[in-house]
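Enquirer: Here the protein sequences line up with chains A and B, keeping their order.
Our numbering puts the first residue of the first sequence at 14, with every later residue one more than the last.
Our numbering puts the first residue of the second sequence at 2, with every later residue one more than the last.
Check each hint, because a few of them may be wrong.
Pair ranges (Cβ atoms, derived) [as the list claims (entries may be wrong)]:
1. B:Arg-172 / A:Ala-258: 32 to 40 Å
2. A:Tyr-329 / B:Arg-172: 22 to 30 Å
3. B:Tyr-115 / A:Tyr-329: 48 to 56 Å
4. B:Gly-228 / A:Gly-278: 22 to 30 Å
5. A:Tyr-329 / B:Pro-218: 21 to 29 Å
6. B:Gly-228 / A:Gly-71: 27 to 35 Å
7. B:Pro-218 / A:Ala-31: 36 to 44 Å
8. B:Pro-218 / A:Glu-266: 28 to 36 Å
9. A:Thr-125 / B:Val-109: 53 to 61 Å
10. A:Arg-318 / B:Tyr-115: 47 to 55 Å
11. B:Asp-132 / A:Gly-278: 35 to 43 Å
In case anyone wonders, no lab produced these hints; they're calculated from the structure.
We put the beta carbon where it would ideally sit given N, CA and C, even for glycine.
Below, each chain spelled out in residue letters.
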Amino acid sequence: MLSADQVKPGAQAVLSRADFDHLITVLQAEGYDVIGPTVDNGAVVYQEIDNAGALPEGVASRQAAGRYRLEKRADNALFGYIAGAQSWRPYLFQPSRTVWRAEKSGDELSFTEPEEPAPKMAFLGMRACELAAIELQDRVFMNGDAPDPDYAARRSGALFIAVNCGEAGETCFCVSMDTGPKVTRGHDLVLTELIAPDAHDFLVEIETEAGAEIARKLPLRAAEPQEVGRADAILAETAQSMGRALDTNGLKEILQDNQDAPQWGDVAERCLSCANCTLVCPTCFCNTTEDVTALDGESAERRQRWASCFNLDFSYLHGGPVRPSVEARYRQWMTHKLAHWIDQFGDSGCVGCGRCISWCPASIDITEEAAALRRHAEEADNGEN
Amino acid sequence: MAKPKLAVWKFASCDGCQLSILDLEDELLALAETVEIAYFLEASSKTVAGPYDLSLVEGSITTPHDAERIQDVRRQSHKLVTIGACATAGGIQALRNFADVKEFTKAVYARPDYIKTLETSTPIEDHVTVDFNLRGCPVDKKQLLEVVSAMTFGRKPMIAADSVCGECKARGSVCVAVAEGTPCLGPVTHAGCGAICPAYGRGCYGCFGPSDAANMPATARLLQAQGLSEDEIVRILRTFNAYAPAFREESEKHDAPNDQC
Ligand code: SF4
Ligand code: SF4
Ligand code: SF4
Ligand code: SF4
Ligand code: SF4
Numbered sequence: 014m015l016s017a018d019q020v021k022p023g024a025q026a027v028l029s030r031a032d033f034d035h036l037i038t039v040l041q042a043e044g045y046d047v048i049g050p051t052v053d054n055g056a057v058v059y060q061e062i063d064n065a066g067a068l069p070e071g072v073a074s075r076q077a078a079g080r081y082r083l084e085k086r087a088d089n090a091l092f093g094y095i096a097g098a099q100s101w102r103p104y105l106f107q108p109s110r111t112v113w114r115a116e117k118s119g120d121e122l123s124f125t126e127p128e129e130p131a132p133k134m135a136f137l138g139m140r141a142c143e144l145a146a147i148e149l150q151d152r153v154f155m156n157g158d159a160p161d162p163d164y165a166a167r168r169s170g171a172l173f174i175a176v177n178c179g180e181a182g183e184t185c186f187c188v189s190m191d192t193g194p195k196v197t198r199g200h201d202l203v204l205t206e207l208i209a210p211d212a213h214d215f216l217v218e219i220e221t222e223a224g225a226e227i228a229r230k231l232p233l234r235a236a237e238p239q240e241v242g243r244a245d246a247i248l249a250e251t252a253q254s255m256g257r258a259l260d261t262n263g264l265k266e267i268l269q270d271n272q273d274a275p276q277w278g279d280v281a282e283r284c285l286s287c288a289n290c291t292l293v294c295p296t297c298f299c300n301t302t303e304d305v306t307a308l309d310g311e312s313a314e315r316r317q318r319w320a321s322c323f324n325l326d327f328s329y330l331h332g333g334p335v336r337p338s339v340e341a342r343y344r345q346w347m348t349h350k351l352a353h354w355i356d357q358f359g360d361s362g363c364v365g366c367g368r369c370i371s372w373c374p375a376s377i378d379i380t381e382e383a384a385a386l387r388r389h390a391e392e393a394d395n396g397e398n
Numbered sequence: 002m003a004k005p006k007l008a009v010w011k012f013a014s015c016d017g018c019q020l021s022i023l024d025l026e027d028e029l030l031a032l033a034e035t036v037e038i039a040y041f042l043e044a045s046s047k048t049v050a051g052p053y054d055l056s057l058v059e060g061s062i063t064t065p066h067d068a069e070r071i072q073d074v075r076r077q078s079h080k081l082v083t084i085g086a087c088a089t090a091g092g093i094q095a096l097r098n099f100a101d102v103k104e105f106t107k108a109v110y111a112r113p114d115y116i117k118t119l120e121t122s123t124p125i126e127d128h129v130t131v132d133f134n135l136r137g138c139p140v141d142k143k144q145l146l147e148v149v150s151a152m153t154f155g156r157k158p159m160i161a162a163d164s165v166c167g168e169c170k171a172r173g174s175v176c177v178a179v180a181e182g183t184p185c186l187g188p189v190t191h192a193g194c195g196a197i198c199p200a201y202g203r204g205c206y207g208c209f210g211p212s213d214a215a216n217m218p219a220t221a222r223l224l225q226a227q228g229l230s231e232d233e234i235v236r237i238l239r240t241f242n243a244y245a246p247a248f249r250e251e252s253e254k255h256d257a258p259n260d261q262c
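This is chain A alone, in the form it adopts within the complex (with noise of 0.2 Å):
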């Protein structure tokens, strides 16, 4: 066993999979609701674990455009899925909420916010991606104009436990926008989980201080060199097994300088603007708030909750909405993630993750997309020439 002091940030050990439950029973034990990996309803999903039994255990996850489905894998890997159905994303901006309450009492009119004490959570098994994902989340609802009081409290007290991929999915591309598959920024810890024929381990990287507090109350041992290079070699593998890949070169100019492609056309004949890509992609922010009043017109109450911009009345200003076209709504999505997030946000909108290609019901691909605009944007260009 490693002493305390060796436990720190920068440090690196191994964690047995037999000593995995450990680490859910320390988190508990320290106040957190663990939310991790289980399997719902044919899918991958992140709901609240009670113990290590409920981790997806021996599962792979299969995906393809509109299409996923769950495998058994040869080994007994907890961690052997792509990234979940839904990302972390409800647990911190969360799909309604009510935002204050007002009362009537005689002539007064007072105003309250809800006042539930945001959860202490500790996500088990955040991808790279999901990282990234996160990190653009808090530039939208902490660091803007107007932050996000209920985002800051949920997000201030997470804790943040990674897996580095052990394999990248058929419509992974992290490493096209430089957010993975290795996690390097964001968490508190990080396993690599290491399966040879005779053990079953997880190499375990401390960043943060709280990340080493709970590290320091597992029975971990040092890491051996070859331990470490076997992580390396696992990460290396998965960076060359991306199923998608997107040239980001000069995108955000082809898309902002070709608002009126033929391909807006071509897209909006196939997508439903059912809104599904927008609601699970772990960096979509939209929301909307709507006031309703009770029947005895006593009290009114603001809510808050998940908007998107395939919704027809997302763009509603008076007389009508701005964009009534399929077509319109979808260029704004694929344009405001690839393209006006740069100018907004100073990067990308879009971490790689594939869910909106996955979970389209209609099988629409971005990374397809952007690719026949940039053709689009080059034939153009040659015919001027």
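Assemble the complex: chain A is given as a structure, and chain B with the ligands must be docked to it using the hints.
Expert: Relative to chain A, chain B with the ligands alone:
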């Protein structure tokens, strides 16, 4: 200030939406305190004469008598809100609109000549001006309360017109279309139910009718890709909201001429 007078009217329907009002339970008391339930035969035979501040109309127009009666209801109502698939789209009984109603009456009744019925079942809005259409088969009771409350205070009801997928994702359900290949009308179905069916592993069958931006041709291609035959596409689109324009037009494209006897 006198309490606003509420009336509830029934046309061709199953009464399910009126039952949603009775089903409000706790909120029913609050409702009775806020409005005077002046005319609601399903609940009480005691009635108060019109005019009414708010009329809730259930059911579709299927007889010449009802076509006249709805005019009278409109005249007596300051605000008129339709409730449910029958009133907003013609209901399941609008299947007659795709067939010959005389054939039906001959098959069903011993004396078809006693039956006075229209060729079609049509939504209320085809006959009179409607202030708000509340969808669903049956309507969702929370939405019903929201509409009554909005109408009482003269504000816009907070009822989203986008698709069930939004509610499905907000609820945290796994998409049955993607994870199981189950045909699901969620992407083109009006929100409101809270995405109940996918939460129980079933595809949405569109009981709230089309959403405000339903891309029907793309949906039909998707259903084809999921293995549905032309007949099955017609059937999935022709249920409680068969006569809602978006569903009707698409189903007609898939209805082979030889099926229309
Ligand atoms: S791209 Fe796909 S997921 Fe997104 S709105 Fe269109 S059909 Fe829905
Ligand atoms: S745009 Fe698609 S691939 Fe990119 S982060 Fe969003 S869901 Fe993931
Ligand atoms: S892509 Fe659409 S839903 Fe997502 S952040 Fe941009 S505008 Fe909002
Ligand atoms: S299950 Fe149906 S309603 Fe839910 S997201 Fe998928 S297509 Fe939409
Ligand atoms: S069929 Fe669709 S609209 Fe109707 S209850 Fe089910 S999910 Fe809701």
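Enquirer: Take the hints in turn and mark each one as holding or not.
Expert: Each hint tested on the structure:
Distance hint check for Arg-172 (chain B) and Ala-258 (chain A): the Cβ-Cβ separation is about 33 Å, which falls inside the suggested range of 32 to 40 Å. Hint check: Tyr-329 (chain A) to Arg-172 (chain B), Cβ distance near 24 Å, so the stated range 22 to 30 Å holds. Distance hint for Tyr-115 (chain B) and Tyr-329 (chain A): a CB-CB separation of about 51 Å, consistent with the stated range 48 to 56 Å. Checking the proposed 22 to 30 Å range against Gly-228 (chain B) and Gly-278 (chain A) shows it holds: the Cβ atoms sit about 28 Å from each other.
At about 25 Å, the CB distance of Tyr-329 (chain A) to Pro-218 (chain B) agrees with the hint of 21 to 29 Å. Restraint check, Gly-228 (chain B) to Gly-71 (chain A): a C-beta distance of roughly 30 Å satisfies the suggested window 27 to 35 Å. Here the CB-CB span from Pro-218 (chain B) to Ala-31 (chain A) is close to 56 Å, at odds with the stated 36 to 44 Å. Checked against the hint of 28 to 36 Å, the C-beta distance between Pro-218 (chain B) and Glu-266 (chain A) comes to roughly 33 Å, which is consistent with it.
Range check, Thr-125 (chain A) to Val-109 (chain B): Cβ separation about 59 Å, and the 53 to 61 Å hint holds. Between Arg-318 (chain A) and Tyr-115 (chain B) the CB atoms are about 53 Å apart, so this pair conforms to the stated range of 47 to 55 Å. Between Asp-132 (chain B) and Gly-278 (chain A) the beta carbons are some 37 Å apart, a value that agrees with the proposed interval 35 to 43 Å.
Comparing the model with each numbered hint stated earlier shows that hint 7 is the single one that does not hold.
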